[in-house]
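Input sequences plus hints: build the corresponding full structure.
Protein sequences appear in the order of chains X and R. Be aware that the first sequence starts at 1, since it is given in our numbering, and climbs by one per residue. Be aware that the second sequence starts at 1001, since it is given in our numbering, and climbs by one per residue.
Quick caveat, the hints were computed from the structure, so don't treat them as lab data. The beta-carbon is built from N, C-alpha and C at its ideal position, and this holds for glycine as well. Hints are supplied without guarantee of correctness; some may be wrong.
[As the list claims (entries may be wrong)] Which residues of chain R face chain X? A partial, calculated answer using Cβ under 7 Å:
#1 Val-1089
#2 Thr-1091
#3 Glu-1104
#4 Glu-1108
#5 Ala-1112
#6 Arg-1115
#7 Gly-1233
#8 Ala-1237
[What the hints assert, rightly or not] Derived list of chain R stretches under chain X, where covered just means 3 residues or more per stretch with a C-beta under 8 Å from a C-beta of chain X:
#9 1059 to 1068
#10 1188 to 1195
Protein chains: 2
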Amino acid sequence: MKTELESDRDYSQQIAQTIRDAIVAGDLPVDGRLPSEAELAARFNVSRPTVREALKRLAAQNLIRTQRGATGGAFVNRLSFEQAQEHMVTTATLLLSMNRVDFETAVEARFALERACLPLACTRRTPSHLASLRAEIARQATAGLTDEEFCASDVAFHRALVEAAGNPVLSWHMAGAVEAMQPLMNMITYTARSRAQIVALHARLTYALAEGGLEDCYATMDALAAYTLELGGEIRARRQAKGRAGQGADP
Amino acid sequence: MKTELESDRDYSQQIAQTIRDAIVAGDLPVDGRLPSEAELAARFNVSRPTVREALKRLAAQNLIRTQRGATGGAFVNRLSFEQAQEHMVTTATLLLSMNRVDFETAVEARFALERACLPLACTRRTPSHLASLRAEIARQATAGLTDEEFCASDVAFHRALVEAAGNPVLSWHMAGAVEAMQPLMNMITYTARSRAQIVALHARLTYALAEGGLEDCYATMDALAAYTLELGGEIRARRQAKGRAGQGADP
DNA sequence: TAGCCTGATATGTCTGACATATAGGATTCG
DNA sequence: CGAATCCTATATGTCAGACATATCAGGCTA
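Here it is as structure tokens:
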């Protein structure tokens, strides 16, 4: 591992980059222990706080974990799909909100990706997957649900659908796409009528998945996408109204 | 913003979490300036190094940038698609390598997702997109390319293909899926014959995109996926051989 | 008016110290 | 002899104060 640092850039950033590269390259094995902060400080010829800042950067990316005590130190993390999903969701959420991504664009991407899971889900779905789907449908049909609860169950339904494809890499990608949409979906006000429509489509999708009609799966997914866009129309209208009244349209 | 901290957990982590929540919730506007380190230290009742560690955590996630000088400080970053893509690629790469994801699983996910871009790409591709695709094909056909160069061009081709779908959210997702595969693809040894085969499929895909045959696009993509799996077969064989000779099979 | 200079303010870094968690060995008691 | 307890070494977590350095703003000078 290189220990020389350029003098005109942040030391802590360079150190973090050096260690990160070592981890990515596989030079540091998973669960391996990094040298102690004092030793790293000596090796890079910087002070301990500087090393600590570098380590905190890595910790923020879930690349290492730290442990206090005699046998403590910084250890290389096995990046789990779960952790990565969490991270991906917050990143995706921020991306959508900070870049003022249209509802339409986000919905288009999300359903395009979800559509890609259908062929695999059709051949691999197990009874357990179908049970999860039906459980969420039942939940969505219960009366008295707030919009947020309905929306959360909707997300759970789609996550279960993605899980049915049986590919963890795919699931990871989709988690970001689906969950990041939740804040946008939460802006929708679900009437009893629209809920019934969505539940019906979910049920039809589940049926198609169970009884084996890929074409029907596609058609239902497309219908769901179209209906979501329709529901989202009011958001666009509201936003434009607000934009006109307030700070003007986007440049 | 809350300023009370639990005494039994890392202060720097709690502070980072507090500020992150504020950013995600939109309480801190993009390009807005955070209080100075000294002020944050006073507000949270901790020392400046502790605040700095918290800020470094946020900087590592591209949530803030810092600037020295009189008008300097920490500013909320507009999370750009580019930055997020970079981040996503390293995360995806680590996920694949650290979790020993099969070549098959990764390829399956990648082509499933890429397949999802085809309908959009078919209707939206511009002459400029097609030119990019053809440029990469030409590059791939040149003699004397190293395997890595060929592989890089392959990635560029697929990125251009995804771009043709004209959806930035989709592009962001796909960048992670496609680029993270590069280390795995680099393990393939491309013979002249396999290169010719790939170039031919790329050309056919580009033609289908240009002349408007979505079905042909799908078919070609599937052929490409199948051929990639075929090429990857040797990797699996090599890995199994190494596994048997060395540390044994996975538990 | 144009250019330079200086001070204020902020981050980047260093030094040294203390607090605290933890494992493992030494000690003591049943 | 065994088990519970204490002690100590080592590591991270935190603090305080200081200096170095980058940068802008405003005043000063030619």
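Practice item. Find the hints from earlier in the document that the structure breaks and name them by number, from lowest to highest. Key: 1, 3, 7, 8 and 10
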